[in-house]
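Chain B: place on chain E using the hints.
Chains as they are written, first to last, in this note's numbering: chain E, 1 to 150; chain B, 151 to 652.
This list has only true hints and no planted wrong ones.
The calculated EDC-like cross-link candidates involving lysine to aspartate or glutamate, where the alpha carbons are at most 20 angstroms apart (straight line), are:
#: 1; chain 1: E; residue 1: K145; chain 2: E; residue 2: E128
#: 2; chain 1: B; residue 1: K178; chain 2: B; residue 2: D206
#: 3; chain 1: B; residue 1: K531; chain 2: E; residue 2: D40
#: 4; chain 1: B; residue 1: K152; chain 2: B; residue 2: E183
#: 5; chain 1: B; residue 1: K531; chain 2: E; residue 2: D38
#: 6; chain 1: B; residue 1: K627; chain 2: E; residue 2: D40
#: 7; chain 1: B; residue 1: K185; chain 2: B; residue 2: D206
#: 8; chain 1: B; residue 1: K152; chain 2: B; residue 2: E174
#: 9; chain 1: B; residue 1: K185; chain 2: B; residue 2: E245
Rather than coming from a laboratory, the hints here were simulated on the basis of the structure.
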Amino acid sequence: MAEVITADLVDLDLEAGDRHEATRKLAERLAAAGRVTDLDGFLADVRAREAQMPTGIEGGIGIPHARSAHVTEPTLGFGRTAVGVDFGADDGPAHLIFLIAAPAGGGAEHMTILASLARRLVHVSFREALLAAPDQQTVVDLVHKEVLGR
Amino acid sequence: MKIVAVTSCPTGIAHTYMAAEALEQAAKDAGHEIKVETQGAAGAEPLAAEDIAAADAVVFAADVDVRNRDRFAGKPLIETSVKRAINHAGSVLAELEAAAARGPAPAAAGPATETAPAPATKVDQQAHLGTRLRQWLMTGVSYMIPFVAAGGILIALAFLFGGAEVATKVNGGTFQSIKYPGVTDLSKLVAQAGYAGLLFKIGATSFAMLVPILSGFIAYAMADRPGLVPGIVSGLLASAIGAGFLGGLIGGLIAGAVVIAIKQVKVPRVVAGIMPVVVIPLVSTLIVGGLMIVVVGQPIAAAQRGMTNWLNGLGGTNAILLGILLGLMMAFDMGGPVNKVAYTFGLAGLASGNLKVMAAVMAAGMTPPIGLALATVVRPKLFTKAERVAGEAAWLLGASFITEGAIPFAAGDPIRVIPSLMVGSAVTGALSMAFRATSRAPHGGLWVIGLIGRPLLYVVAIVVGILVTSVCVIAAKSIGRRVPAEGEAEEAVVPRAAPAAG
Numbered sequence: 001m002a003e004v005i006t007a008d009l010v011d012l013d014l015e016a017g018d019r020h021e022a023t024r025k026l027a028e029r030l031a032a033a034g035r036v037t038d039l040d041g042f043l044a045d046v047r048a049r050e051a052q053m054p055t056g057i058e059g060g061i062g063i064p065h066a067r068s069a070h071v072t073e074p075t076l077g078f079g080r081t082a083v084g085v086d087f088g089a090d091d092g093p094a095h096l097i098f099l100i101a102a103p104a105g106g107g108a109e110h111m112t113i114l115a116s117l118a119r120r121l122v123h124v125s126f127r128e129a130l131l132a133a134p135d136q137q138t139v140v141d142l143v144h145k146e147v148l149g150r
Numbered sequence: 151m152k153i154v155a156v157t158s159c160p161t162g163i164a165h166t167y168m169a170a171e172a173l174e175q176a177a178k179d180a181g182h183e184i185k186v187e188t189q190g191a192a193g194a195e196p197l198a199a200e201d202i203a204a205a206d207a208v209v210f211a212a213d214v215d216v217r218n219r220d221r222f223a224g225k226p227l228i229e230t231s232v233k234r235a236i237n238h239a240g241s242v243l244a245e246l247e248a249a250a251a252r253g254p255a256p257a258a259a260g261p262a263t264e265t266a267p268a269p270a271t272k273v274d275q276q277a278h279l280g281t282r283l284r285q286w287l288m289t290g291v292s293y294m295i296p297f298v299a300a301g302g303i304l305i306a307l308a309f310l311f312g313g314a315e316v317a318t319k320v321n322g323g324t325f326q327s328i329k330y331p332g333v334t335d336l337s338k339l340v341a342q343a344g345y346a347g348l349l350f351k352i353g354a355t356s357f358a359m360l361v362p363i364l365s366g367f368i369a370y371a372m373a374d375r376p377g378l379v380p381g382i383v384s385g386l387l388a389s390a391i392g393a394g395f396l397g398g399l400i401g402g403l404i405a406g407a408v409v410i411a412i413k414q415v416k417v418p419r420v421v422a423g424i425m426p427v428v429v430i431p432l433v434s435t436l437i438v439g440g441l442m443i444v445v446v447g448q449p450i451a452a453a454q455r456g457m458t459n460w461l462n463g464l465g466g467t468n469a470i471l472l473g474i475l476l477g478l479m480m481a482f483d484m485g486g487p488v489n490k491v492a493y494t495f496g497l498a499g500l501a502s503g504n505l506k507v508m509a510a511v512m513a514a515g516m517t518p519p520i521g522l523a524l525a526t527v528v529r530p531k532l533f534t535k536a537e538r539v540a541g542e543a544a545w546l547l548g549a550s551f552i553t554e555g556a557i558p559f560a561a562g563d564p565i566r567v568i569p570s571l572m573v574g575s576a577v578t579g580a581l582s583m584a585f586r587a588t589s590r591a592p593h594g595g596l597w598v599i600g601l602i603g604r605p606l607l608y609v610v611a612i613v614v615g616i617l618v619t620s621v622c623v624i625a626a627k628s629i630g631r632r633v634p635a636e637g638e639a640e641e642a643v644v645p646r647a648a649p650a651a652g
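Okay, chain E solo, but in the shape it has when bound (with noise of 0.2 angstroms):
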């Protein structure tokens, strides 16, 4: 199995007017990587789940995902941007953008990853990490320390 996130997969000075173009620039990248195959396949997905409900919370994080029959394997995007985007939080924009991509038929395996890296997302000391890292790898090394535990 593929790492979840690669430094190709991060993206530390998103520029977005919406969460739409947040996302697609995102998937892009996932798409670029092999892990998405059908771009707007893919973003209709996010979309629809983005209309239920927004997946913007509290502390400036955006949580655009989706089961998708376009992904290959889960994957994290991450984006951060200093400006902010609006993923419809209560409290304001989002600095920390992650693209979770989850293969519709995924066994409970490629979730329970998934899963894991959700958990860690509501802790301030990752997301304190996340915005104050240098660069791309410092991002990929904090997620799999702290989602992998190594």
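Frame of chain E, contents of chain B only:
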């Protein structure tokens, strides 16, 4: 304090686990013990029964229905949205402490609604209700689909092996001038109607459960287990008074609402124990059954009489207009009273030697399931997984003139689906009349094509109707859905305030 919690969100890969983590952290900080069941995509590890038994209070942080919630019956309960659990886990637990101090929930299976955060605005409440309504209908539909598939395919096989007369052999009546007494003693079923008759009888029995199961599980989705009895009874009554699936749909909703209302009534402790087992089923079934027979039943019977008279008067006028009208009626309720009036009109035509009406009726009854089946193949994304499965069975059901194959789709999304089906069936009905196709068979669909006059044109009429149905369904589903997913319109329909979203 010992706490158990269930977290659950639509996709089950992010918020479910974040809410679990947030609750666990907050509980640790406040010195509580907590066990969380995450009903997400990684598979739910169920809470141990002894943990639930030992718990002082229960939290549901869920945006979709919590599975097996009756495990927690009688415990002090807080229900909230996943987002609120993530953002404000501390205050959720503080509310929970207050709820636990007040003691167990009033009715054994009733959620402690007084502690749940109230919807913030009227708009939010409406959006919320719409989503809930769809969830309720889809729950009923998903339990109903296996009955449609099993019964429908058995009936189709019966026609395939036994010919068009198999239904008449089993139910009694006259077919092509031969009078059949019908099977009253099931031990003589095979002798009288053959093995095809056996298939037909089993299929018809499964079909008879279609409306009761639909209404029963709509009520179950609304009001949990106590909803099942009044729901199923209302469905049986809807069938008995000939109110069809629309009657069952309304009956299920009424049953669920009545049970919810009864649960709100505060009762003394001594009575509380027998509420879910005796009082709620008894009172709700009586109320719902009474409503079905007295209020719902009469208008439907009257409408049916009126329509039959009207149709008989209309018979002399333009045949194509009649074809359109019969087509609209066949698709309107898919086996319900309106459909039955049109079908009876076809039978009456058959008896009096007008074979064109029967042909138009049968053709128009075949297009809804097949048109929907085609739509699920062309645009699978517009349909739920359950609907796509129903679509696979719908090919055969439609080809066998079992219009009920369309019900799973109509029950889940009546506003978009039913008009589309009516358009397609109207086209087919009109074409069949225009082509002057005839049918000597009262039932059987494509399997009795040998009894059809002008069979090629007849098939053309059906195929055109199927295409029209399919295009209309796809268009209706695309238009209605795309709006809330894009742009600013989204903000109006999606509840933004976290408490209201629970």
